[in-house]
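S.K.: Each chain, letter by letter, is given below.
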Amino acid sequence: MSRAAYDPQRGSAYPLLSVENLETAFFTDKETIRAVDSVSFDIERGETLGIVGESGSGKSVTARSIMGLIESPGLVLDGSSIRYSDPDTVERFAREYPDATVAVDPGETIPNGEDGFVALAESSGSGGDVTVDDGYVELANAPDDAVHSVRGGDIAMVFQDPLTSLNPVYTVGNQIEESLRLHRGLRGKEATEEAANLLEAVGIPDANRRLKEYPHQFSGGMRQRAVIATALACDPNVLICDEPTTALDVTIQAQILDLLDELQEERDLGIMFITHDMGVIAEVADRVNVMYAGEVVEKAPAVELFGNPAHPYTRGLLQSIPGRNPDADRLTTIEGDVPTPNEPASHCRFAPRCPKVFDECTGVHPEHLPVGTGEKEHTAACLLYPENVSRTEAVAEHERRKAGLREGTDE
Amino acid sequence: MSRWSYFAKRLILSIPVILFGTSLTFIAIRMGPIDPVAAVYGDSGTAADMARMRESLGLNDPLWQQYLEFIWDMFRFDLGQSWVLQPGSRTTDLILSRAPRTVWMGFWAVLIPLFIGIPLGFYAGLNPNTVGDYTASFGGIVWRAMPNFWLAVILMIGLSNSESLLFGFDWKGFILHTPQVIGTNEFQSAWNGMQAGQLEPVQWAKATKQILPASVVLGSASMGNEMRIGRTAMLETKHSNYVEMAKAKGVSGRSLVWKHMFRNALIPLVPVITAEANLLLGGSVLIESVLSINGIGLLFFRALTQADLPVAGALMYVFILLLVFINIMQDLLYTIIDPRVGYENE
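Line by line, the protein sequences are chains A and B. In this text, residue positions in the first sequence follow this note's numbering: the first is 3, and each later residue adds one. In this text, residue positions in the second sequence follow this note's numbering: the first is 2, and each later residue adds one.
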């Protein structure tokens, strides 16, 4: 889904981070689990993309795929694409890997079969002194060394459990300074000062004393702040938050969300926010992707999603929030569990639990189509949509889309 | 600082432990079934001689008085005289003359598991389910399963007859010529040389070669244990959240292993290492008896079987002190490695 929208403010033909057709599978002796199955989305600077779904829907694997943290037996499959388009980073890569650069037209992607992972859309010079104004790095094809420098430096991650994310045997200061040393080359006193600034920036008072303390001397909320400070130490452009508030109690949760909001404003961060909590999503996200069994089933701006949910799964999720249904005697739940996606999708994976299931649901795989009413950016992967055509036509449209998927995405 | 006050507390707590252990020792040797006077005279003593000796040794004093004297003597390191093994010679001399040999064997018995077992375990943990891992794990289990008295005999036989058993490989002539396969005579001359102010590297190398089989036997169980615990500890650390976060921070290969994983993986190993240092004490009694190395272990064994009560009691006291010292070292290691130690007391 290369929208390739020209962003006049940033002057780039590419979104800051663009994930397209991401497929991550785990190969076990028993079966192949397609934990993430053709997921696509974009994140712009200053924007928060919410990813929501039940446990086991592939949210965390998506995040780890982007970070390059998938390890054997897991594998990000060929054909997946993770494009990162910060001009400085692209320039650094172009100088470091002059043989891997490919010249493309602005907005275009590296053609299939072409070697190389650094796309240069607007650049001058060549080899070691190339300057790049626009382009992207294809992280899915880049060698591990290259991914390493992006990981933590340009794209940072905040983990779910602050209680165990910090190394217990080193001081908090030591761990923040490690990031500063790795990505900004700061050492000694300079690093300590910067680390203290970071701790203050995330709202930890008395930073100089706190730097010398160990993680176990911090409370849960403090630790998550310290983790966020560590992530920010690298001065990233994209921050991936994998359920950063799930392990915290509600008041601390609100503080952390406010903090992320402030930091985003200050640093113009693009945030990918993963959670299973619809309430949190409503608070932080600009746009929302709903994931189910490894697939994105609905995409919409946050307001639109809550006001006008389209996919039966999203509706089910919203109906299971106590606060939204004050009059109901009993809370509605979605019957059944998330299936393990161990085969390529040839049908709708939600069909067995869907209240609106009909015959074609088990035979046709739904593609992302505009829901037809309301916002244009609101799409759902459900045979019920587009809403404004008859059901047979809608099913036919989904089948057409599936057949023409390749051409459709590589436009 | 709370970590160090925790350590100081452990140090003070060791005093009642020593007192308790020493008291138990007194009960075991003075109130046990052994009559030391009968042991000294054997069958030859007359009733009058034996009664006189009993009186002169103070065995007729009230028990509480004997107890207080025993504790006070031990406290002042006045370990008394041997009654049976070498009547009249000071126990301290007996122990000091044998100690270097046992220490020499124990030194290697600690080093071998430490520098072979733990690295192997860490290697296996870092590369789980590979051929190397399976080889190391399987070897560790087999190694651990061999009882050390049996291994001692097998090694002794194998190495003495190595030409015929090991396809012509001659252990006695291997690198250095050591006609006696296992023993401490080379060590004794190296030790004597050093006391005379000469450092003879070749002699020390010979001493090492001669003691290695014994040390391998003594350290064999520990080696297997440390390997397996090391593997588990490394595996656990490898999959911990903080290692994943370090990776996400961009920490790479070597630094990840040495900074973030190594120190954490050491924490569960500390008690294993020290517990095995304790095992060495018991093991040395066994190994020295089987391989007839004239060290403290053998002295203890003979003191017990021949009812030389002062020597046995003094050695028990020395062992208690060693055990407590090892445990204090363990607490010290913990305090250094793991900052969480003693935190609850704050």
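Just so you know, not all the hints are guaranteed correct.
As the list claims (entries may be wrong) - Listed next, the in silico EDC-like pairs over lysine to aspartate or glutamate satisfying Cα-Cα at most 16 Å (straight line): (1) B:Lys210 to B:Glu237; (2) B:Lys239 to A:Glu389; (3) A:Lys358 to A:Asp329; (4) A:Lys378 to A:Glu395; (5) B:Lys239 to B:Asp171; (6) A:Lys214 to B:Glu245.
As the list claims (entries may be wrong) - Residues from chain A shown here face chain B by an in silico Cβ test under 7 Å; the list is partial: (7) Leu71; (8) Ile72; (9) Ser74; (10) Gly76; (11) Leu77; (12) Asp80; (13) Ser83; (14) Met159; (15) Phe161; (16) Ser181; (17) Tyr216; (18) Ser221.
Keep in mind the hints are simulated off the structure, nothing from the lab. Here the structure is a predicted model, which is why all the values come from computation and not from measurement. By construction, the Cβ of each residue, glycine as well, lies at the ideal position given by its N, Cα and C atoms.
S.K.: Hints numbered earlier in the text: which of these fail when held up against the supplied structure?
M.R.: Those not satisfied are hints 1, 2, 3, 4, 5, 6, 8, 9, 10, 11, 12, 13, 18.
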